[in-house]
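Number of protein chains: 2
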Amino acid sequence: MALAITEWDSASADEREAALRRPALTADGAIRSRVAEIIRQVETEGDSALRQLTASLDKVELQDFRVGKREFAAATRQLTPKQHAAIELSIANVRSFHVAQLPRPLSVETMPGVSCERVSHPIDAVGLYVPAGTAPLPSAAIMLAVPAAIAGCPEKVLCTPPRNDGTADAAVLVAAQRAGIDSIYKIGGAQAIAAMAFGTASVPKTCKIFGPGNAWVTEAKTQVSAHLRGAAIDMPAGPSELLVIADANADAEFVAADLLSQAEHGTDSQVILLTDCKALARRVADEVGRQLCKLSRHEIAAAAILASRVLVVRALEDAVAISNRYAPEHLILHVDQPRDVLSDIRNAGSVFLGPWSPESAGDYCSGTNHVLPTYGHARAYSGLSVDQFMRQMTIQELSPEGLRNIGAAVIELAAMEGLDAHASAVSKRLDRMASQQ
Amino acid sequence: MALAITEWDSASADEREAALRRPALTADGAIRSRVAEIIRQVETEGDSALRQLTASLDKVELQDFRVGKREFAAATRQLTPKQHAAIELSIANVRSFHVAQLPRPLSVETMPGVSCERVSHPIDAVGLYVPAGTAPLPSAAIMLAVPAAIAGCPEKVLCTPPRNDGTADAAVLVAAQRAGIDSIYKIGGAQAIAAMAFGTASVPKTCKIFGPGNAWVTEAKTQVSAHLRGAAIDMPAGPSELLVIADANADAEFVAADLLSQAEHGTDSQVILLTDCKALARRVADEVGRQLCKLSRHEIAAAAILASRVLVVRALEDAVAISNRYAPEHLILHVDQPRDVLSDIRNAGSVFLGPWSPESAGDYCSGTNHVLPTYGHARAYSGLSVDQFMRQMTIQELSPEGLRNIGAAVIELAAMEGLDAHASAVSKRLDRMASQQ
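So the sequence lines, in the order shown, correspond to chains A and B.
For what it's worth, the working numbering labels the leading residue of the first sequence as 131, then goes sequentially.
For what it's worth, the working numbering labels the leading residue of the second sequence as 131, then goes sequentially.
The set of hints was computed from the structure by calculation and includes no laboratory data.
A couple of the hints might just be wrong.
One copy or two, it doesn't matter: identical chains are merged, so the pair holds either way.
Said to hold, decoys possible - SDA-like, lysine to any residue: derived pairs with alpha carbons at most 20 Å apart: (1) Lys424 / Leu150; (2) Lys335 / Ser313; (3) Lys558 / Gly419; (4) Lys212 / Thr352; (5) Lys558 / Cys423; (6) Lys424 / His214.
Required output: the full structure, derived from the provided sequences and hints.
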């Protein structure tokens, strides 16, 4: 397996654009209309639609979707002590980083007698989706449940697809429960998103839905977020991405391992290496070939690696400019002075500094959230954090003095906008003060 | 004009639901397809499409959309000293409250050798839309421009519709320029949103679009936010809303003035009064009748007031529960102890405490932002603030010790998820450390 190496400086503008082009996320009309139909069905028929869809799509007949005490207990017994310990360590680190994100209330007296404040409240009801497509994802349960619990959302609902035997993955159940969720429903795909957006007799309606998923889940999230009675969503989703910036001293074996850890996610995973050292690029390409054949998911990884790009640039500044233009989900700065490079990085979901910070550390255990903006959305969106499970509300309290201080300006601006009643709400109060003096 | 007064306790469940029902925002198919056509046209034909659409929709031929020095100077001369002073005071107060919102960087060592950080960067390019439908809105320019400037967004583009004579409203120009925007384009409606989402030869492409607007603007924002090459948006929009909770000691004249200040926005404005005192409800109804006829926009206000609701409840707690269920954009607590009531308020965009805090104070000058979630979206969305003009990026840096501390857990979790290469990126590093000791 030889990675194709491109010299950036000798590439044409078209070649450069092609090198940074993401796969077209074909908005498949068939998926779109089928998802709309599933949503309509769940909204109007509730639980009976969920039972029917689960039977036809997940191939299992379920009467009760909710995971009960017995299934939680069985899941707990099923994991090894090492697996429990890994889940606990991940939860502890994610909790410790996310607790620090709790917003502080704000209070400013903008003028004498004009007090402006901002407070945050947890969202009343949130829905979390944990996929289980090619593999169960206990780490996703942790990344969604921990900030929801820290925010203090009173109602937290988690949906995850049932397996053929009618159970949910044990690791997902244990991770979610240990992270503070006990309202778990075995529902998958678009029907799970519809259930959490509109509510059914058994699934509570939520105000905002979080979490990753396949094309069906993503399309369902988009549709319910545009629906008047639907729910808000965390962010748009796309295939996972890693961009590595490496210099001449980078460790080719580590770089190759990091590229492959991204490539194994899916055949559409985006993997890019930028380096100012052609020799390093060649060493990495060799290493990728060596390591690839040993992976259990080597077919998936090979497909993603075939589509990956290795770009040799003249200087690290060029690599930074290209990375900022691409806006990767994950960015590894595998260079001598990563903090120097970091200061110029603007568009990225999460950044990993130096040789001992592999991307998989952030996927599971460092403490940062692994739900991150893909597909260039890092230009306008942030990764998941506690504040996305809360809303900010502003408050103002004016004393008579405060209203006197801003009253004339309110009346003047209202007049410029032709809004008499806005002015009148102030002038009536100012008149009253004058008459009371 | 008599407001209909409903006793909450004697209302049926259906009547209660009807009382809190918002108008159906009919997603008009004709608007939707026309907006899609406008967007397609601007994306493919750029400036020539903008010229053509401006000629046909705004009835003015423009060669150059950008406001030049001469037009800014003329606008500055056109305003009176009082108007300038009102704009300056508004900007100063909004700035003082929004500067306090600048996010602080975060740094947590989740385990020895595992450093997790979070920093915020301004969004590279933002688009602001200031409507000028029934009236020009200099206050909207202030509410959008001030936080964009505080966030430090390098590129800030503002679009506002041209008037028939080809100029933009003077107050909007002065307000925007004083608040830190000098890149202003005279483009309105869906075509302005499309121009800022995709960019043209004259209008820079932006990453996120902010601001209020009519059904066309709202639909265009929804469409470009779902488009792969489009732009993110601030929040979904709906008609403006005010809910007042008043007790027996509330001032009926002030309450009526506040209700009318909301009603004059548009015939679809939502106005609700909740009180535990039927006598107060009657006094307010009388006052509304008296004040209404004196308003220049009394036809608009009368239509909105006709659809408004006055609900008499048994106790203030019931009013709070109803308000939390409705989730109003603006909430006035015109009661004896507003702070006591505030502690139970969860879902609202902005709250106004006591008799001297009319809603119009927040619209213009108190310092809070007036771009707020309507239509119940306060359940999941926040009003505009500085952080919405920024993105958060997380960073992790592990030392060899740090990786040793979490390595086993990463490998265990990767195994549970069937992701070998994730484990291998860590185990290769742990092996190296072992071999170097």
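Tested hints:
1. When the C-alpha separation of Lys424 and Leu150 is checked against a cutoff of 20 Å, the pair qualifies neither within a copy, at 28 Å, nor between copies, at 62 Å.
2. With identical chains, the CA atoms of Lys335 and Ser313 are at most 20 Å apart within one copy only, with a shortest distance of 12 Å there and 44 Å across copies.
3. For a Cα distance limit of 20 Å, the shortest separation of Lys558 from Gly419 across copies, 16 Å, qualifies, whereas the shortest one inside one copy, 79 Å, does not.
4. Taking the closest pair of Cα atoms, Lys212 and Thr352 never come within 20 Å of each other, the shortest separation being 38 Å inside a single copy and 47 Å across copies.
5. Proximity of Lys558 and Cys423 under a CA criterion of 20 Å is satisfied inter-copy only: 15 Å between copies versus 80 Å inside one chain copy.
6. Taking CA atoms no more than 20 Å apart as the test, Lys424 paired with His214 passes in neither setting, with 27 Å inside one copy and 71 Å between copies.
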